[in-house]
Structures are given as C-alpha cells and as structure tokens.
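Take the sequence shown: its letters are residues 2 to 171, numbered as in my numbering.
Certain hints may be false.
Computed list of lysine-lysine pairs in DSBU-like fashion (alpha-carbon distance at most 35 Å, straight line) [what the hints assert, rightly or not]: (1) K100 to K29; (2) K124 to K68; (3) K29 to K69; (4) K68 to K100; (5) K124 to K29; (6) K29 to K68.
Everything labelled a hint here was simulated from the structure, so no lab data went into it.
As the structure is a computational prediction, the values presented were derived from the model and not from experiment.
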Amino acid sequence: MTTPAALNIFLLLDTSASMTGAPLEALKQGVSLIHNTLGAQSNRPVAFAAITYESQAKVLCPLQDVKKPFSLPELEPGGTSGLGGAFRLLKETLQPKVKTLVYVFTDGEEPSDEWEPPLAAIKGSVEHIYGMACGMYSRVELMRQFSDAVYVLRELTPDSVFTTFRAYVG
2 MTTPAALNIF
12 LLLDTSASMT
22 GAPLEALKQG
32 VSLIHNTLGA
42 QSNRPVAFAA
52 ITYESQAKVL
62 CPLQDVKKPF
72 SLPELEPGGT
82 SGLGGAFRLL
92 KETLQPKVKT
102 LVYVFTDGEE
112 PSDEWEPPLA
122 AIKGSVEHIY
132 GMACGMYSRV
142 ELMRQFSDAV
152 YVLRELTPDS
162 VFTTFRAYVG
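Generate coordinates for the entire structure from the input sequences, incorporating the hints supplied.
See the structure below:
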C-alpha cells in the first residue's frame, strides 16, 4: 500500500482438525463477507491480513489493501488448535500506531497451547478482538474469554459486520 492504512484488519483463522466440514465452510463464507463489506464500505485506507493457525501459526496473506481482490486458497484442516501461537505471530506483525481490529474465526475447541499470556501481550496494541463462531456447535464460552464480542457466522450480515469497524473507516 502506498498510503498508510487508517486501519489494519487481521483475521486469525483456525484450521485445526476440529474445523473439518461445516465449520470450515462457515469460516470461508465469513472471511468473504468481511472482506467484501470492508472493501465496499470503507472510505479510508484499510489493510487486511490473514493468519492461519493449527499446531503452527503462519501468515496466509500479509497486509494488503482491502480493495485488492482476495480469495482464500484451499485450506486443509489438521493439527491442534494453537491459539496462543496465532496471538504470538499477530504480535510480531502488528504495526505500531495503526489502529487494529482482530477477528478470530474458530469453532471454540479448547486451545492446545497457552494463549492467555500472548493475548495479554497484544491487548494494549489492538482496538478490539471479535470472536467469530464457526459451525452450529461452536463453543462460544472460550471465545468470550478472549474477545470483546462474539458473532455467530450463520447469523452474520453485512450490516452486523459494518458495525464492528464503522467508527474507524467513516
């Protein structure tokens, strides 16, 4: 991006084995909805990035202009839910002095690693963390522990997505 972003959006995508089937399909639809809504509704520069996590976390898509076309590659669920690793990688990729929103797409399966200390390390550097519940049987109890609000993907609309970032992109 040539113009500095007014807002960075990071998507943390759970690709652990428990996400096989309907939860992964919900994740894909949710990512598309967020990306498309951001691109259509933002009047200011917004950058968008995606990090996948299972036993290991990795950057799937580095920060790029949200107006640039984006589609998820084929995601293969496997491994365990390493949420702490995702938070650690996020901390490494955060840009200082840029407002940041984080959307964590997961089925709420118990993380396989320690996630509370890495979460505490990023809390002061991000504006909000939203839990995005994937699948009919997602466990929102865990998501409430790390997020400011939890959204159930099957109930998500462009309007509800817009409310999460409206104050930053007007």
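Consistency of the hints with the structure:
Among the hinted pairs, K100 with K29 is consistent with the structure: their alpha-carbon atoms are about 25 Å apart, no more than 35 Å. Taken as a hint, the K124 and K68 pair is honoured in the structure, with Cα atoms around 27 Å apart against an allowance of 35 Å. A C-alpha spacing of about 17 Å is found between K29 and K69, which places the hinted pair at or below 35 Å, so the restraint holds. Taken as a hint, the K68 and K100 pair is honoured in the structure, with Cα atoms around 18 Å apart against an allowance of 35 Å.
Pair hint K124 plus K29 holds up; C-alpha atoms about 26 Å apart against a cutoff of 35 Å. With a C-alpha separation of about 18 Å, the suggested pair K29 and K68 falls inside the 35 Å cut-off, and the hint holds.
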